[in-house]
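Below are the chains, spelled out letter by letter.
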Amino acid sequence: MPTFMTPLAVTAYTATSAMGCGLAAQLDALRHARSGLRPNDISTTPLDCWIGRVDGVEAIALPAALEAWDCRNNRLAWLGLNQDGFLQRVHAARARYGAGRIALLLGTSTASIDATEKAYRQLGPDGAFPDDMRRPAVHTPHSLASFVAAALELDGPCLTISTACSSSAKVFASAERLIQLGLIDAAVVGGVDTLCDSVLFGFNALELVSTEPCRPFDAARSGISIGEAAGFALLERSDTAPDAPQLLGYGEASDAHHMSTPHPDGLGAELALNDALARAGLDAAQVDYINLHGTASRKNDEVEAALVGRAFPATTRASSTKGYTGHTLGAAGIVEATIALQAIEHGLVPGNLGGETPDPGCGPQFAWRNEHQRVDVALSNSFGFGGNNACLAFARAGFVA
Amino acid sequence: MSVLRIYVEGIGLWSPQLANFAALRDVLAGATPELPAARPAATTLPANERRRAPESVLLAIEAAGQAVTMSNRDAATLACVFASAHGDQAITDYMCATLARAPTELSPIRFHNSVHNAAVGYWTIATGCHAPSTSICAQAASFGAALLEAASQVVAEQHPVLLVCSDIAGCGPLRDVTGSTQPFGSALVLAPQAGASARARLDLEVTAGSTVDPLVEPLAGWRVATPSAAGLPLLALLAGTKNGRCQLAAAEALGLQVDVEHVT
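So the protein lines, in turn, are chains A and B. Using the working numbering, you'd call the opening residue of the first sequence number 1 and step up by one each time. Using the working numbering, you'd call the opening residue of the second sequence number 1 and step up by one each time.
Only chain A is shown next, with the shape it has when bound in the complex (with noise of 0.2 Å):
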């Protein structure tokens, strides 16, 4: 078992996705349940589906030096950055630690693919790609890291994370182990993910996208719908900033089961789960929300519901939210760290969107509506392909395991 974490302070943080762009739209849209998924309207050719598609990101220009990033991925990234103050905040701690002694760690699964799909729709007579299109920077899945490293004007470690749906919550355990050995004093942590022909024609060959808004543990469920967004948050020692909420723990694990389907008895979600509340040095009676993985497909909510169910009392209240959001994919880690991080702000359980008529397996502890209590400690999970698990434990400053 992990040993106890000395908790991190989350300085900073913001989320841009099909709810809208920073934490007040986000927190608006969980008030009042309203969702962000509308038909298909931007898949290359006609596909029957809901999507959590962020306005305007088509309109955005990269500043001129960044011009060779060029792509709705780093569109969107650079989007997010510029909400909630997110970009100052950085600027100030660059200016506090030095350039160098920040770590950059940010998780997708669909990098600047979009710029690849496209280069290829173009492909020349020789069959090569256009000249405006041969950006080494973009075809590469390091692109939304490097874009964010120029950006931000970070020199420290620069990673991506990329293991599918877990992606940006595993950037957070990598920026713990970095800041725990000194390695570094602050990391800016998250994920962007966008839509494009590759997720939705893939998942949908996979049969494992939903013709309507996606109903997370929902009985007659039918499937996902895929979302894109962006979230970014600031890391930093607690005792820099003891007002501020705190990552408690985090969990790794892996299901070792099959490529694209969970463990049936979701041991590795199990395992993650175990994990981060030991490091958290938490009892799961102590866990006040959970914001489930909850895609709406069949198999993840069976196996995610009865985990639920055995693991936590009732006084543990637990929602999927990707009926506001669809499924972001490699940023949905960040994204619903963000709202765990509201839930704990801001007192509110968001309610299950979606989930009409409950799934018989989950248990007393689903919020189905918003429910406004006191939350200390919130918990977020996120399950990727590959069977690769990952659990966060966050709470309110000051709280103490």
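For the record, the hints were derived by calculation from the structure and aren't laboratory data. This list has only true hints and no planted wrong ones.
Pair by pair, the computed Cβ-Cβ distance ranges are:
1. B/Asp74 x A/Pro130: 46 to 52 Å
2. A/Ala285 x B/Thr211: 49 to 55 Å
3. B/Gly244 x A/Leu66: 36 to 42 Å
4. A/Arg298 x B/Ala38: 39 to 45 Å
5. A/Arg298 x B/Glu205: 46 to 52 Å
6. A/Thr240 x B/Asp74: 40 to 46 Å
7. B/Gly221 x A/Leu66: 32 to 38 Å
8. A/Ala65 x B/Thr32: 46 to 52 Å
9. A/Ala33 x B/Ala38: 55 to 61 Å
Note that beta-carbon positions come from the ideal geometry of N, C-alpha and C, so glycine has one too.
Following the hints, complete the assembly by docking chain B onto the known chain A.
Frame of chain A, contents of chain B only:
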């Protein structure tokens, strides 16, 4: 600056010129080792998976299997850090070409194999490994960044880690842009303490700037041909008998200085 001290217990290597780590020793001694088979054997995978697995998965698993065998560790107990600068370029080429032509014909298997963590996913399934596993990249600095990530896990968590860094050659129009022309994969089993299988001690320190060490031929040419061969300065030191120091890139503007001391 903090120094991360870790121990190398196993080393795996595969490229069209190198069947394993011993072959690198031969090359550095001026000998010509026997060339490996055209496809990495990847015997850790069950036979049916091996037939179906994409080349990127075979390459990573071949290097990983060699390193774990040398370490005498049980693969199921090792946390995994797999790195690849470009992921599976053949699948990226297939997917983008298919999406441009007939998106609804996309193969579901090739889509789920397109995730960057496909290789580590297959590895954990084949070995029954429930330990944490991750899949990372950092363009030309992927090896150094992965070594830093793996070493930070080894020291912070005090558990052994399997590090793999591999890339296949580019494919189709994408190959002109990535400039990746040959496959290369290497793997290290890294431990927090000097156990019975320890072969070398590494002291790692991050440095400003990312100048990298020159290499002798043919190693220098291999490094140009694929980003995953960026670990060769370290692998060459491990293949020798003398202690030494090498400099790897860990990020765009960050280096990783590695002091290697052989343990006998």
